[in-house]
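Student: If you're matching them up, the sequences are chains E and V in order. Under UniProt numbering, the first residue of the first sequence is numbered 1, with each subsequent residue one higher. Under UniProt numbering, the first residue of the second sequence is numbered 1, with each subsequent residue one higher.
Simulated from the structure, these hints should not be mistaken for laboratory data. Just to be clear, a hint being listed does not mean it is correct.
For lysine-lysine, the following DSS-like pairs were computed, each having C-alpha atoms within a straight-line distance of at most 25 Å [to be verified]:
1. E:177 x E:150
2. V:111 x E:289
3. E:289 x E:241
4. E:310 x V:60
5. E:311 x V:351
6. V:60 x E:323
7. V:111 x E:310
8. V:60 x E:311
Coverage of chain V stretches by chain E, computed from C-beta distances (three or more under 8 Å per stretch; other residues unrestricted) [stated by the list, open to error]:
9. 108-117
10. 129-138
11. 256-266
12. 341-354
13. 376-386
Here are some of the chain E residues that sit facing chain V, going by a computed Cβ distance under 10 Å [what the hints assert, rightly or not]:
14. 40
15. 46
16. 290
17. 294
18. 319
19. 325
20. 326
21. 377
22. 390
23. 393
Every residue, glycine too, gets a C-beta built ideally from N, C-alpha and C.
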Amino acid sequence: MMALRFEVLGRFNRARAARLTLPHFTCHTPLFMPVGTQGTIKGLTTPQLEEIGCQIILGNTYHLALRPTSELIDEFGGLHNFMNWPRALLTDSGGFQMVSLLHLADITEEGVTFQSPVDGKPMLLTPEESIQIQNRIGADIIMALDDVVKTTITGPRIEEAMHRTLRWIDRCIAAHKRPNEQNLFGIVQGGLDPVLRDICVQGLVERNLPGYAIGGLAGGEDKDSFWRVVAQCTASLPESKPRYVMGVGYPLDIVVCSALGADMYDCVYPTRTARFGTALVPEGVLKLKHQSMAEDTRPIDSTCECMVCKKYTRAYLHCLVTKDAMGSQLLSYHNLHYMLQLSRNLHSSIIEGTFPEFVCNFLRKMFPKGDVPEWVCNAMEVAGIDISSCSTSTPVNSNKD
Amino acid sequence: MPQAERRERILDGILQESIRETHKMKFAVKAWSKSGRARVGLLQLSTTSSSFAQGGPPAKEIEIETPALLLTTRKGLPAFISPDHLSSLPNPDSRLLQFSPMHFMEGPNSKTISAIGGVHQLLGLHEYGFVAVPRDSILSLPECNSSNKNGASFETPCGRFLVKPVEYMKMISSMKPDLWVSLADEVHASVTTKRNKASVDRTIKWLDDCISLKSTDGALFGSIVGGCSIEERQRCAQEVAKRNVSGFYIGGFGLGDSVDERATLLHAVTDLLPKEKPRHVCGLGLPEEVLQGIAAGIDLFDSTYIYHLTLGGFALVFPLDGKCKHVSDPGISAMASDGTKINLKATIYRKDASRIVDGCICYTCQNHTKAYINHLLNVHEMLAHILLEIHNTHHYLSFFGVIREAITEGRFEELRESFIEKRRDHLLAACELETPVRLRA
Ligand SMILES: [Zn+2]
Ligand SMILES: [Zn+2]
Chain E
1 MMALRFEVLG
11 RFNRARAARL
21 TLPHFTCHTP
31 LFMPVGTQGT
41 IKGLTTPQLE
51 EIGCQIILGN
61 TYHLALRPTS
71 ELIDEFGGLH
81 NFMNWPRALL
91 TDSGGFQMVS
101 LLHLADITEE
111 GVTFQSPVDG
121 KPMLLTPEES
131 IQIQNRIGAD
141 IIMALDDVVK
151 TTITGPRIEE
161 AMHRTLRWID
171 RCIAAHKRPN
181 EQNLFGIVQG
191 GLDPVLRDIC
201 VQGLVERNLP
211 GYAIGGLAGG
221 EDKDSFWRVV
231 AQCTASLPES
241 KPRYVMGVGY
251 PLDIVVCSAL
261 GADMYDCVYP
271 TRTARFGTAL
281 VPEGVLKLKH
291 QSMAEDTRPI
301 DSTCECMVCK
311 KYTRAYLHCL
321 VTKDAMGSQL
331 LSYHNLHYML
341 QLSRNLHSSI
351 IEGTFPEFVC
361 NFLRKMFPKG
371 DVPEWVCNAM
381 EVAGIDISSC
391 STSTPVNSNK
401 D
Chain V
1 MPQAERRERI
11 LDGILQESIR
21 ETHKMKFAVK
31 AWSKSGRARV
41 GLLQLSTTSS
51 SFAQGGPPAK
61 EIEIETPALL
71 LTTRKGLPAF
81 ISPDHLSSLP
91 NPDSRLLQFS
101 PMHFMEGPNS
111 KTISAIGGVH
121 QLLGLHEYGF
131 VAVPRDSILS
141 LPECNSSNKN
151 GASFETPCGR
161 FLVKPVEYMK
171 MISSMKPDLW
181 VSLADEVHAS
191 VTTKRNKASV
201 DRTIKWLDDC
211 ISLKSTDGAL
221 FGSIVGGCSI
231 EERQRCAQEV
241 AKRNVSGFYI
251 GGFGLGDSVD
261 ERATLLHAVT
271 DLLPKEKPRH
281 VCGLGLPEEV
291 LQGIAAGIDL
301 FDSTYIYHLT
311 LGGFALVFPL
321 DGKCKHVSDP
331 GISAMASDGT
341 KINLKATIYR
351 KDASRIVDGC
361 ICYTCQNHTK
371 AYINHLLNVH
381 EMLAHILLEI
391 HNTHHYLSFF
401 GVIREAITEG
411 RFEELRESFI
421 EKRRDHLLAA
431 CELETPVRLR
441 A
């Protein structure tokens, strides 16, 4: 049972551009999902998000379950109504937030036990409960509760987590009460071990879920390991289902993962970095706090079409950032616009057959000296994208096959 | 990208060619209240620009009815309302923005602001009128103990600054506001008679300095001070009225003075001012203070009050039908409401699916419930303040509309009395419950 349609509209080798029809919105992939942890994207109104082309917002189940509670959201007809967002929503399972935010979280076969941040009492989040909460929140896409392990950990714990994730997916499927309105995505675990990742992919694919996520990445692993896991998973996941790389990422990561055949991303980076005064630009980042910006009369990015770049100079933003709420509002607006424009450019260049040129232009701006990182060169080699025109380094894919 | 290139060229063009703009201000009184002091007027601002053909700002014409609320800004923009949402506020009522040149003490410097083309270009708001007032009651507070005969001292988030008339005029000529207020020595109500007298002398001298240093054609409002002394207030008003100014700024209120003596002081000043010129005041913000100021013949107010309300999680709810029946819902405790505003942090709004004000056409009320704003406040999300500032600004602008209508129709005194009476009743009720809701100490 699924409540989505995924139609691939264009391909370039492994990269694909698709139309993803969800109950609340028809999206175009590759797509970036801004993180709206507590039922709002920090400092932006919903019409502004529509204006800059946001298609899906990610909500954090753990935070929403604490405040305002999933029962209250349910009373208001779901999160779409509560926050007045007409387009698509995705909620995570809550497990990752608990493990990463709470020191005393412990994972057993039953679920994730943790100390309540409200009264300190021990609490338990089971796969059934996570799904029940997400059913009440009502997002278009909900995520299975998985056993999250840091990618930097090795040994039997990784294997245990992978097998537990597979056992839990059945409990999640059984608990899911709204399969006609909400799409349950399974999460591939298995650390950096290709054998474990493969077992997990096969196990999840057998369950025929509406979509699949690649989990356990963006946790401090080295970049070469990161892209290899993505490449392995995208190669064995079904062509006809969306693939979501969780917690990714930086603009460069998104371009690389898209070349490898991934479709969806989420990251707090654009809004978080905005609050610290950093703007995303084709060249990388622009630190508006820096003294050199104080009298700079240029816009953040002269090629950006967003409201902020049309109206404001770096000099003005320099005096706002990290001091006034408006500084982070305007910078978040630009940064999200940048990420969403990047997604649109990925989609259209794949459709138009100009994907390699797009990738080369992207890399040329970010690495004008041609010093494209080796991991990117290696990934592009696997993706079949010739970047020799913009890179001086040569790919080293010794352990390919 | 050709469009981006074009914009770059436009920005370059602006930098190379100094813009020749001509600002004009006109003011006419349209109606008087029965008591003869409160008035409805029309303030017209027009800018003609020689550089429009080269991509410079277009000519503009703004007509604002007074009494009017100027939107208080931080560095030229409202604290939370971004420029795209600014345009959804009532028009043209919301088209006057007040800022303090002191907001830019840490940059950009005057040369850069001048190169960018002044505040209109800096903020990308060409269709708005900008009013420069040194003091703003939020970020730029007069620090009278540090002011001296050379200049006025201001306490700002980036430190304390002594500003001399020549420096102030440099800022004004680079920022090119439509209206600007002369530098004043605003003192606390508790200062000695001698210090208060000195503040009047300095303020008049600095006005003369500003006039002689004037290089911009924005309209100049002469500052009137005098603290709590009727004689000094009158002396200052008379001297300023003799000068070549387009209007008046009445300062020195909201600095430890008592509300009870304010009417007398205001009347002493406004009775001496020529009737055909507009009057702006700082330090009066609460609805009853605004009504008091209007009753004394004030035309322009700032919206510092809205900023404080918004930060505190309050939303204005008093009726705007001119009848001023205050909300007296027995279900709402005195903690959550004082009859004019509600505190959306209160738990009674946790599940409240209604709008802040039924029938309010502001962006916030058209799109969001009290429960959602309550949630945003609980989790300290910035969107709460954005939504509250939009509603509160909208509501207060509408309040000014109601007042103008009442003056025009000859029932301003009734409106004021009924408003104050209802509010007094409610405050008494709140006191009896021993839960007085005070926004400001
Ligand atoms: Zn931009
Ligand atoms: Zn409203």
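Student: Confirm or reject each hint.
Tutor: Tested hints:
At roughly 31 Å between alpha-carbon atoms, residue 177 of chain E and residue 150 of chain E are farther apart than 25 Å, so this suggested pair is violated. A hinted pair counts as satisfied when its Cα atoms are at most 25 Å apart, and residue 111 of chain V with residue 289 of chain E qualifies at roughly 20 Å. For a cut-off of 25 Å, the pair hint linking residue 289 of chain E to residue 241 of chain E is broken: about 43 Å separates their Cα positions. Only pairs whose Cα atoms come within 25 Å are accepted, and residue 310 of chain E paired with residue 60 of chain V is accepted, the gap being roughly 20 Å.
Distance restraint check for residue 311 of chain E and residue 351 of chain V: the Cα-Cα separation of roughly 39 Å exceeds the 25 Å cut-off, and the hinted pair is therefore not satisfied. Distance check on the hinted pair: residue 60 of chain V and residue 323 of chain E sit about 32 Å apart at the alpha-carbon level, beyond 25 Å; violated. Our distance criterion of 25 Å between C-alpha atoms is met by residue 111 of chain V and residue 310 of chain E, whose separation comes to about 21 Å. Between residue 60 of chain V and residue 311 of chain E the CA atoms are separated by roughly 18 Å; this keeps the pair inside 25 Å, and the hint holds.
Restraint check on the segment 108-117 of chain V versus chain E: 6 residues with Cβ-Cβ distances below 8 Å, three needed, restraint holds. Here the segment 129-138 of chain V counts 0 residues with a CB under 8 Å from a CB of chain E, which misses the bar of 3, and the coverage is violated. Counting residues of the segment 256-266 of chain V whose beta-carbon sits less than 8 Å from any beta-carbon of chain E gives 0, not enough to reach three: the coverage restraint is violated. Check result for the segment 341-354 of chain V against chain E: holds, 3 residues qualifying (beta carbon to beta carbon below 8 Å, three or more required).
Coverage of the segment 376-386 of chain V by chain E holds in this model, with 8 residues showing a Cβ closer than 8 Å to a Cβ of that chain against a need of three. For residue 40 of chain E, the suggested interface contact is upheld, since its CB lies about 4 Å from the closest CB of chain V, less than 10 Å. Restraint check, residue 46 of chain E versus chain V: the minimum CB separation of about 7 Å is within 10 Å; hint holds. Because the smallest distance between the Cβ of residue 290 of chain E and any Cβ of chain V comes to about 12 Å, over 10 Å, the interface hint for this residue is violated.
With its C-beta approaching chain V no nearer than about 5 Å, residue 294 of chain E sits inside the 10 Å limit, and its interface hint holds. For residue 319 of chain E, the interface hint holds, since its Cβ comes within 10 Å of a Cβ in chain V; the closest pair sits about 5 Å apart. For residue 325 of chain E, the suggested interface contact is upheld, since its CB lies about 6 Å from the closest CB of chain V, less than 10 Å. Against a cut-off of 10 Å between C-beta atoms, the interface hint on residue 326 of chain E holds, since the closest Cβ of chain V lies about 5 Å away.
A least Cβ separation of about 28 Å between residue 377 of chain E and chain V goes past the 10 Å threshold, and the interface hint is therefore violated. The criterion of a C-beta within 10 Å of any C-beta in chain V is not met by residue 390 of chain E, whose closest approach is roughly 19 Å, and the hint is violated. Because the closest C-beta pair between residue 393 of chain E and chain V is about 29 Å apart, greater than 10 Å, the hint is violated.
Checked against the numbered hints given earlier, this structure breaks hints 1, 3, 5, 6, 10, 11, 16, 21, 22, 23; the rest are met.
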